[in-house]
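Peer 1: Single-letter residue listing:
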Amino acid sequence: MLSVTNLAVRFQTRRGPVDALKGVSLDVASGEILGVVGESGSGKSVTAYSIMRLLEAGGQVTDGTVRYGGVDLSDPTETQMGNIRGREISMIFQNPRAALNPIRRVGDQIGDVLRRHARATRTTARAEAIRALEAVRIRDAAARVDAYPFELSGGMCQRVVIALALACDPKLLIMDEPTTGLDITTQKAVMDLVADLIRDRGMSAILITHDLGLASGYCDRIMVMRDGEVVERGTPLSLFTTPDHPYTRRLIDATPRLGAQIRELLPVEARTPLPERRVEDEPLLEVRNLVKTFPSRSGPVHAVRDVSFTINKGQTLGLVGESGCGKSTTSSMVVRLLDPTSGQIIFRGEDLAATPASRFARDPRRARIQMVFQDATNSLNPRHTSRQSIAEPLRRLGDGASDERIAELADLVGLPLPLLDRFPHQLSGGQKARVGIARAIALDPDLLILDEPTAALDVSSQAVVLNLLIDLQARLGISYLFVSHDLNVVRLLCDQVIVMQGGSIVEQGPAEQVMRNPATDYTRTLVAAAPQPPALQQEEQGL
Amino acid sequence: MSVTTASPGTFSHIGYVLRGNPVTLLSFVMFAILIIAAVLGPLLVPYDPLASEAANALQPPSWEHWFGTDNLGRDVFSRVVIATRLDLMISISAVTLSLMAGSILGAAAGYWGGWLDAVLNRVMDTIMAFPLFVLAMGIVAALGNTVENIVYATAVINTPFYARLVRAEVNIRREAGFVHAAKLAGNSDIRVLAMHIFPNALPPMMVQMSLNLGWAILNAAGLSFIGLGVRPPTAEWGIMVAEGANFIVSGEWWLAVFPGLALMFAVFTFNLMGDGLRDIVDPRQRT
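These protein sequence lines map, in sequence, to chains E and A.
Under my numbering, the first residue of the first sequence is numbered 1, with each subsequent residue one higher.
Under my numbering, the first residue of the second sequence is numbered 1, with each subsequent residue one higher.
Simulated from the structure, these hints should not be mistaken for lab results.
Just so it is clear, the structure is predicted and the values come from calculations on it, not from any experiment.
Yeah, the Cβ is synthetic: ideal placement off N, Cα and C, and Gly gets one too.
Each hint should be verified, as a subset may be incorrect.
Here are some chain A residues the structure puts well away from chain E; computed CB gaps all over 10 Å [to be verified]:
#	residue
1	14
2	31
3	43
4	113
To give an idea of the chain E side of the interface with chain A (calculated C-beta under 7 Å), a few residues [as the list claims (entries may be wrong)]:
#	residue
5	337
6	378
7	381
8	396
9	423
Just the calculated beta-carbon pair ranges, DEER-fashion [said to hold, decoys possible]:
#	chain 1	residue 1	chain 2	residue 2	range
10	A	174	E	365	16 to 26 Å
11	A	112	E	425	27 to 37 Å
12	E	98	A	112	26 to 36 Å
One chain only, chain E, in its complex shape:
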């Protein structure tokens, strides 16, 4: 149905031309879902954008042909593409909030597309939009049709984007990382929905993702890309059982999965023995009856209700739940950026909650609790070089920022020294994560809060960063509070796990036990939502 041959794309940049695609070919048959898997910079998104002719300025298709349904689209006119986009080929973008116009009601946005392709008139647009929303299983569609994007949750927004994409019954759907930024349970719900819709309507689809596990769960065929080239193609099963290319092997290794140990995420040659960790019996942090209530116009919002837990010296505690479960509020309170409504945070015998958050910055105990933030890009000052970022805590709370100490920290986290003088936008995601970790451990803290430190990273960077964290723990004896929605990742790093729902703890226990034998339905849903590679699924079923 869609056939791309030898596609090449070149971008003009300040440093001269960059070849983003070097001769990529792909075919999508009718009714088939093709997975395009690769890490950032592999050219997987550029492939989709060049098929849709939506390349940003500076990008140019230099070679190759695109044929869709027998029509040559290698050099289409804008009118031709206008008719094809939406009606024949549709696209779902990475960030659903950015893909929706924030100041227009979602129903109007769907109506626009329908009218553009003459599927509805001004009078029927609203009713058609409601039908489109019902098709993506949005409850109470008649009311939601008048909602603005900011009134909807992330998962709901993505459903609206899907409704938009499917409004005109396209034959081919291109999904560019459709579940980035969504919870693992929402991811599963959205992907199951799309897969059902695609099957019911007999459509074809291209799923672009960095998550090999996700692709293998939903795609008929997968192609693996690296540096603008296709390195391997195959069915999910054959890729996982007999990968030909070493890069595919590495990707499969780096994908967190049941049964794998943390070192097994790394390429074989990098698997050093896991260093000995000492978990002491002595509690470092005791959180007692922590409560946080936010006032709001529609009454108080109970973000955290009566949460208690203990972290021992050298231990890693996982805090798991969907977005809105109160895990981030809890970690903000523990790290003393937020004041609890009531409750105690006892750290080495002293109640930290007694000192208000606004005065805690100058408290001598500030250096003992540090944090690694979720989004490495957002958490580094864009005007500071890596060196300045790492030096900041040393200057303010330590004995001054000597070049030796900074070099030592960079070395600890595996950041090459020349990168110390770069600005955040000149670093890759993995490098930024390292800067964030170096900054957090600069003061030798006793407790480090890790707020989804790998959420924005590719699987192979994630594997490296997770291993770095466990090595650092063994070397420095830090305790971790690891906040995440991804149980697959939590299990790798954590000794104990707490599962939160609606502000309360619903389950806690040793990580392996919670994963293997969840006691509550909620935990079971979380565990089931994590995509698992096909080879392992079969094993599981065989057991």
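With chain E's structure known, arrange chain A on it following the hints.
Peer 2: Just chain A now, kept in the frame of chain E:
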């Protein structure tokens, strides 16, 4: 700790911005001409700008007097060049004052919010509700007819623009990850605001500042034109245009046109400079 990051790449980055955008380069050349005229003016001009020579009054432009002479026989070219210093000084000091005041007020309002934000916003609304030039006239008339008061008046009417801009820029970064990180590193609220958030608001401020320099010059000249502020016989573009305007009807156009052109040149320079300045102070423009 410096607010701006002066790394070895700074000069090559400025070079890159100037090469990449000829308009920026042009505006910088024009700005250099203004600065040279302001700093070295007295050394460059052929005549004393205040020396009148009744015999030589109202001469049209010639090789001897490039821009002609005025009704008192003073050389218009010398006066236009000499006036650059005063006009630039008024506008730069006014803009600096309003930049500082606006930054402090706007940053506080954007960071702490609440009643402080509400009160400051209403005060700024009130200032902006006046026709700004009329407000400046009122301030100068009330405070007294001096150059300093022109500076203060111009600063007051420009402050709300900075305060608004800084408030918005600070507000969107208040909850950013790097702000939390700065607090974890032991920075107090004021330090976080001054050292981490505020520098990130600089790029759009540069555009505003550059445009504002142009407005400020126009404003100062306008006040002088209607007889407030700078008084004759001081050389100042606004007064010169005002004085020359009387002679346009009788055909002596050069008295008003040349200072007017100088004014235009200055405003044009500042308007062109904004985007280039922003690109230079924004580290994200570097690769």
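Peer 1: Could you run down the list of hints and mark each one as holding or not?
Peer 2: Hint check results:
1. 14: Its Cβ never comes within 10 Å of chain E, the nearest being 15 Å, so this holds.
2. 31: Non-interface label on residue 31 of chain A holds, nearest chain E Cβ at 25 Å vs cutoff 10 Å.
3. 43: Holds, because the least Cβ-Cβ distance between residue 43 of chain A and chain E comes to about 40 Å, which exceeds 10 Å.
4. 113: 14 Å, holds
5. 337: Because about 6 Å separates residue 337 of chain E from the closest Cβ in chain A, which is inside the 7 Å limit, the hint holds.
6. 378: 4 Å, holds
7. 381: OK, holds: residue 381 of chain E within 7 Å of chain A, min 4 Å.
8. 396: 4 Å, holds
9. 423: Check passed: Cβ of residue 423 of chain E comes within 5 Å of chain A, closer than 7 Å.
10. A:174 <-> E:365: 16 to 26 Å: 25 Å, holds
11. A:112 <-> E:425: 27 to 37 Å: 29 Å, holds
12. E:98 <-> A:112: 26 to 36 Å: Because 30 Å falls inside the window, the suggested range holds.
Of the numbered hints given earlier, the model fails none.
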